[in-house]
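Going down the list, the protein sequences come from chains A and B. Our numbering applies: residue 43 is where the first sequence begins, and numbers increase by one. Our numbering applies: residue 12 is where the second sequence begins, and numbers increase by one.
Since the hints were made in silico from the structure, they are not lab data. Misleading hints may appear alongside valid ones.
In silico contact screen, one side only, chain A against chain B (beta carbon under 8 Å); selected entries [to be verified]:
(1) F67
(2) P90
(3) R135
(4) L165
(5) S168
All residues carry an ideal CB built from backbone N, CA and C; glycine is no exception.
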Amino acid sequence: MRFSPHGKRDRQLLLELTSMVDIVFLLIIFFMVTSEFARDARAEVDLPLLKGEQVEQSEEAGLFINIDATGNIILSTSESPVTIAQLSDRIQRLVQQESSPKVTLRADRNASIIRFNAVIRALNESGVSSARIATEVPK
Amino acid sequence: MRFTTRQNRGGKRLIMNMTSLIDVTFLLLVYFMVSTVMASPEDRLRPTIRTQDESASGSDADFQPQIVDVILVAGVPTYRLGQNDMTTASQLRDRLSNLPADLGVFIRGGEGVSVGFTMAAIQAARDTGFEQVTYVPLE
Chain A
43 MRFSPHGKRD
53 RQLLLELTSM
63 VDIVFLLIIF
73 FMVTSEFARD
83 ARAEVDLPLL
93 KGEQVEQSEE
103 AGLFINIDAT
113 GNIILSTSES
123 PVTIAQLSDR
133 IQRLVQQESS
143 PKVTLRADRN
153 ASIIRFNAVI
163 RALNESGVSS
173 ARIATEVPK
Chain B
12 MRFTTRQNRG
22 GKRLIMNMTS
32 LIDVTFLLLV
42 YFMVSTVMAS
52 PEDRLRPTIR
62 TQDESASGSD
72 ADFQPQIVDV
82 ILVAGVPTYR
92 LGQNDMTTAS
102 QLRDRLSNLP
112 ADLGVFIRGG
122 EGVSVGFTMA
132 AIQAARDTGF
142 EQVTYVPLE
């Protein structure tokens, strides 16, 4: 593509980008408004400060069960906390879909073990025999 | 595509107005900077989970399980291994390092202790080479 032919002196070609930028802007706004953002499954909790098992492998995210310092069980930050019974229902549905579902427990380090134990029992009763317990790697 | 002609070709200049494009780029940058959440690095502990009913199914004659109880003793969170009480994870690690790692270990979390203190027992078991670590909620 040639924008300026040779031999024609004193001619300036101004590439007008304003319309293109307007369209780009409209597209950005369109996608921002219509996109459904992924629900954040990780609630803000102070995880136990432990190095973990340091296994370098990518894992399927699975179900995140957050337990905050006051013992609330949070499955998603956009939803209200759930009870043990609701959690059991959710796990049982998950077990029906997948034979060995991946479950990650994200429990606050200051939370009482009683609530954590209740979640472990709910998992076990639903047939889940192992769980990943999230830790925060100390700096 | 040729956007610019050289100065030495008859003094022609192509001026591209980049101001709007830069504006948009800056806006996008600010948008992502504001909406991004910086997460701390996390790792995982992967114990097997069992309830006390299941873990009690084997008879004493089958095996002699190595059990660490995480309990409150006189109001102090304590790791109890046999007759030995320890109040720190490093003390527990020292004790566990003297045990045969191939037999596995049960960690039982009891009422009154925090999640962080209990998870430190699982971490200590992993650190001392136990492949089979089972977490059991203490009734």
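Status of the hints after comparison with the structure:
{"no.": "1", "hint": "F67", "in the structure": "holds, 6 Å"}
{"no.": "2", "hint": "P90", "in the structure": "holds, 4 Å"}
{"no.": "3", "hint": "R135", "in the structure": "violated, 19 Å"}
{"no.": "4", "hint": "L165", "in the structure": "holds, 6 Å"}
{"no.": "5", "hint": "S168", "in the structure": "violated, 11 Å"}
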